[in-house]
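J.: Taken in sequence, the protein lines are chains U, B and Z.
Residue numbering for the first sequence follows this note's numbering, starting at 5 and increasing by one per position.
Residue numbering for the second sequence follows this note's numbering, starting at 5 and increasing by one per position.
Residue numbering for the third sequence follows this note's numbering, starting at 5 and increasing by one per position.
Keep in mind the hints are simulated off the structure, nothing from the lab.
Treat the hints with care, since some could be wrong.
All copies of an identical chain are treated as equivalent in the list; a pair is satisfied when it fits inside any one copy or across any two copies.
[Stated by the list, open to error] PhoX-like, lysine-lysine: derived pairs with alpha carbons at most 25 Å apart:
| # | residue 1 | residue 2 |
| --- | --- | --- |
| 1 | Lys300 | Lys183 |
| 2 | Lys202 | Lys96 |
| 3 | Lys128 | Lys311 |
| 4 | Lys272 | Lys202 |
| 5 | Lys73 | Lys311 |
| 6 | Lys272 | Lys243 |
| 7 | Lys75 | Lys300 |
| 8 | Lys311 | Lys202 |
| 9 | Lys295 | Lys272 |
| 10 | Lys114 | Lys75 |
| 11 | Lys247 | Lys313 |
| 12 | Lys75 | Lys96 |
| 13 | Lys73 | Lys96 |
As the structure is a prediction and not an experimental result, all values here were calculated from the model.
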Amino acid sequence: MAAAPTLARRIVRPGVLPLCSRPQAWGRAARMSPGLPRAPGLLLAQRRTFSNDKVLVELDEGSGIATMKFKSPPVNSLSLDFLTEFCISLEKLENDRGCRGVIFTSAIPKIFSSGLDITEMCGKSTEHYGEFWRAVQETWLRLYGSSMVTVAAINGSSPAGGCLLALSCDYRIMAENPKFSIGLNEAQLGIVAPFWFKDTFVNVVGHRVAERSLQLGCLHSAPEAHRIGLVDELVPEEKLRDKAAAVVAQWLALPDHARQLTKSMMRKSVLDRLVAHREEDIQNFISFITKESIQKSLRMYMEMLKKKKS
Amino acid sequence: MAAAPTLARRIVRPGVLPLCSRPQAWGRAARMSPGLPRAPGLLLAQRRTFSNDKVLVELDEGSGIATMKFKSPPVNSLSLDFLTEFCISLEKLENDRGCRGVIFTSAIPKIFSSGLDITEMCGKSTEHYGEFWRAVQETWLRLYGSSMVTVAAINGSSPAGGCLLALSCDYRIMAENPKFSIGLNEAQLGIVAPFWFKDTFVNVVGHRVAERSLQLGCLHSAPEAHRIGLVDELVPEEKLRDKAAAVVAQWLALPDHARQLTKSMMRKSVLDRLVAHREEDIQNFISFITKESIQKSLRMYMEMLKKKKS
Amino acid sequence: MAAAPTLARRIVRPGVLPLCSRPQAWGRAARMSPGLPRAPGLLLAQRRTFSNDKVLVELDEGSGIATMKFKSPPVNSLSLDFLTEFCISLEKLENDRGCRGVIFTSAIPKIFSSGLDITEMCGKSTEHYGEFWRAVQETWLRLYGSSMVTVAAINGSSPAGGCLLALSCDYRIMAENPKFSIGLNEAQLGIVAPFWFKDTFVNVVGHRVAERSLQLGCLHSAPEAHRIGLVDELVPEEKLRDKAAAVVAQWLALPDHARQLTKSMMRKSVLDRLVAHREEDIQNFISFITKESIQKSLRMYMEMLKKKKS
C-alpha cells in the first residue's frame, strides 16, 4: 500500500541486523505462485513457521492464513526490538503470495500486549526516542494499511499500544473473560495518545465514545468493550483460535483485489495524515517525552510496577 | 441545489430525445402556484400521473407527495435508459412547486432495484462507459441533493446501486420480509464501490459498520439492515405505502426553507467531493472497467445469472 | 485554549461594564496556588460564591468543583446579557487555579435553558444582531474549548441554544422526567442551526441521527435523548446534583494535563472551523435574520408565546 511505503529495514537499528535469531524455514525459494500446481515434494510441508525473539509465525499453506504469536515475556511490551521484529515479520507475510490473512494473538497467558515499553521512553537519548517513535509509527502504518486480512484474537488484556494493535486489524475477537480489559488508557499515565491512535479509535467506536474513553483513559472489560464496539465479538477463550480462523476464511472468500481496494479507500485518509506529518509527529513525541514532569511520572509508574511485581 | 447544477438533458444521449415515451398528463400549464385558490375545474384532477418506459410517477396534489414506481422488468436494473428517465422525472418533480416530497418504490414484486445494469459495463466502448458513469453520478447528485423530502419504500431486495438509491433518500422503510436483502455488495462481484457510494454509506451507518460491510460485500437481511441502521424502520409489506406517506407528511410539516438548508448543510461536503472530482471519477471508472480481468469476471457473473434464469 | 483566545470583554457592549452586579466574594487576592498549604484563616471559607444578574456560581474549594446555576427568569433564555455574564463567569473559573470542574444547572424549575433569546433577533439593528451573534459564538468557543471538566446537570427542558450548551459539555446527565425534552429544534421555527451547532451535535450523536433530528427539528423526551446518545445518563431529579458531582470527580481523577490535551485533540478541528470563518458566520447570520420572511415568522412565534403565557 502506498501509505506505508518504507521498508522494515528503515527502522532497524544500525549494526543489529539480522533480527531473525532463529533459522527460517521459509524463504523466497519456497514461495509458490498461487494457481500453479503444488510440487509433490511440498505436500507435507503444509505448515511453515519462522520465529525471532519476539514473535512466532506459523503459516498454514492450505488456507493461506498465518498466525503471529507474541512471545515477549513477561507482558509482550512493545519495545523497539519487538516492533522491529513485528514489522519485519509482517513485511515477510505481506510479500508472500501464499499468505492472505493473519491472526494476531499472544503466546503469554492473560496478556495480549501491555502496550509501548515504558523503558524505551524513560532516561534515554533524544535519538533513541526518535528511533523508537518511528518504529511505533511504522508498525501502525504497516498494520492499519496491510493488504492482508488481519484479525486480532485478543486472549488477554490489551492496554494502550496493545489496544492500538487490535484496533488496527480488520476484526477483533476477544476472550469473554471479564477480567481481561482493553483500551487506550494513556491519559491515566499522564500521557496523551497521538492523533493517529485517536483517528484509528474514532473509526472503530465513533467520536463520542472515543472522546469520553480517551479523556478518562478507560480500560474496558471484555463485555464493555463489546458493548461499545471496541471489539466485534466475544467467545470463550478455548474457541478463540477457531473463531479467528473462521472469520479470516470468511473475509478471504471475497476477491482479494476488491477487498484490498475497499480497505484502502476506508483507511487512506487516516493513514495519509500520519504520512504527511510523520517527522512533525516524531518531534512532538520527543519534546513531550523529554519534559521533566513526564519523565518523573513515568519513573514513578515504573517504580510502582516494580513494587507490584516483587 | 448548487451541488447538482447540471440539467438532466446533459446526460441524455444525443439523438435520443425525448425520452418520455408516453403522453404526459402534466405540463407547465397545469402547474399551480401554492397558496393560490385552486380553479374549480381542477378539483377532480387531484392525482396527476406521468410515465416513461422505466418509471411511473403519480403526484397527489392534495398532499404534494409524489410516488415514483420503478417498472423496468425483470429486476429494475439501473441501465442508462433507466437512469436517464429517473433523472428527468426527478427534475420534473423538483421543478414542480406542487410537489414537495417523493416516495420511491418498485412496481415489480420482490425487487426494489438490482443495481447498476451489468450489460452497460461489459463489452461496450470507452465512450459508452463514460456516458453511463456520468449518468450514475448525475442520479446520485440529484437524489442525494434533492430539496424535496425523499423516502425509500423498499418493497424487495436492493443490492449495490439499488442500495445506493435507498441510502440517498432522507428515510428508509423496508418490508419486514427476512428474504429481502440490501447492501453495497460490490466487492462480491470483484468490483469496488466508488468513494461517494462509501461516503453516503458512512453518513448512514458510521465508519466501522461501513468498513466491514463494504469489505465483505454484505447483503443484509431486512432485520439485520434495521439493526445496523441501514434502514430506519421495518413494516409489513402491505403497510409500506401508508407508512411512507405518513413519514413524508411528518417531514413536510417543517418549513421547507429551513428543512432544505439543513439538509444541504448535512450533505454538502460529500456532494461537493464528487462535483470536484467528477471527471477524474469517470476516468477511474473507465480504466477500472476496461481491465480484462474485470471484464472477464463480469462476463462470468452474467453467464451465471443467465443459467440461473433458465 | 488557543481556539478561544479572545477575552470575554471583547463581547461586552461598550459602556455596560462591569457586568457583575453583585459584590464578588472571590478575587485574585483570594486565589491560592494548589499544593501550597492553605492559610488557617481560610479554613472556613470552603465555599466561595459570586453572582451576577444571570448566573450564580458556587465553588467548592475542597473539591475544586464549581456549580454555575442559570437564574434568568422566566426560562433562562440566552440574551446578550446572559451570554456576556456566562462568558465572564466561565473565564473567571477558567483562570482560577482552584477550580478544575464546573457543573451547569438551572435555578429555575422545569427549564434548563430555552435557548437563544428571540427578542435579540427580532426588530433590532444590524449592529445588534452582529454583537449578539458574536456573543453566541464566544459562548460556544469558550465552553466547547474549556480546559475544565464540564458537566451539564439538565434539570428541565433544553431546546435549541439550551441544547447546544449541554452538547458542549464533557458529559450530560438529565433528570429522568419524560416531560423534559431536549434537541436542536431550530427548523421548527423556520431557522437553521449554524454549522458549528451541527458539528457539535454530530460529534455527540453521529451523522445519521443528527441529520434526521436537525431536519425534523426534533425535541427528544429525556428517555429518547438517552436512547440516541444525546444525553449520557438519566437519574431521578433529586439525585442529579450528587451524580454530577460524582462524575466531575471521576474525570478529575485523571491528570489535568493529559485530559486537557486529549480534549483539545478531539475538539480542535471543529473549534478551528468556526475560528477560521467567524466573521463570515456573523455576516451569514445577519443576512439571514434580517430577511423579512424570517422576521415575520419570529414575530408570529413571539406572539404565540405571549398568548400562551397569558
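J.: It remains to establish, for every hint, whether it holds in the given structure.
T.: Status of the hints after comparison with the structure:
In this homomeric assembly, lysine 300 and lysine 183 never come within 25 Å of each other (Cα to Cα): the closest approach is 30 Å inside a single copy and 52 Å across copies. Proximity of lysine 202 and lysine 96 under a CA criterion of 25 Å is satisfied in neither setting, with 28 Å inside one chain copy and 31 Å between copies. Taking the shortest Cα distances, lysine 128 and lysine 311 sit within 25 Å of each other inside one copy (22 Å), while across copies they are farther apart (68 Å). Proximity of lysine 272 and lysine 202 under a CA criterion of 25 Å is satisfied in both settings, with 15 Å inside one chain copy and 13 Å between copies.
Taking identical chains as interchangeable, the C-alpha atoms of lysine 73 and lysine 311 are never at most 25 Å apart, the minima being 28 Å within one chain and 46 Å between chains. Neither within a single protomer nor between protomers do lysine 272 and lysine 243 lie at most 25 Å apart by alpha-carbon distance, with minima of 33 Å and 43 Å respectively. For a Cα distance limit of 25 Å, the shortest separation of lysine 75 from lysine 300 qualifies neither inside one copy, at 30 Å, nor across copies, at 45 Å. Proximity of lysine 311 and lysine 202 under a CA criterion of 25 Å is satisfied in neither setting, with 31 Å inside one chain copy and 49 Å between copies.
In the homo-oligomer, the alpha carbons of lysine 295 and lysine 272 lie at most 25 Å apart only across protomers (23 Å), although the nearest pairing inside one protomer, at 33 Å, exceeds that limit. For the homomeric pair lysine 114 and lysine 75, the shortest alpha-carbon distance inside one copy (12 Å) is at most 25 Å, but the shortest distance between copies (54 Å) is not. In this assembly of identical chains, lysine 247 and lysine 313 lie within 25 Å of each other by CA distance neither inside one copy nor across copies; the values are 33 Å within and 36 Å between. Taking CA atoms no more than 25 Å apart as the test, lysine 75 paired with lysine 96 passes inside one copy only; the shortest distance there is 18 Å, against 53 Å between copies.
For the homomeric pair lysine 73 and lysine 96, the shortest alpha-carbon distance inside one copy (15 Å) is at most 25 Å, but the shortest distance between copies (54 Å) is not.
The structure does not agree with the numbered hints 1, 2, 5, 6, 7, 8, 11 stated previously, though it agrees with the rest.
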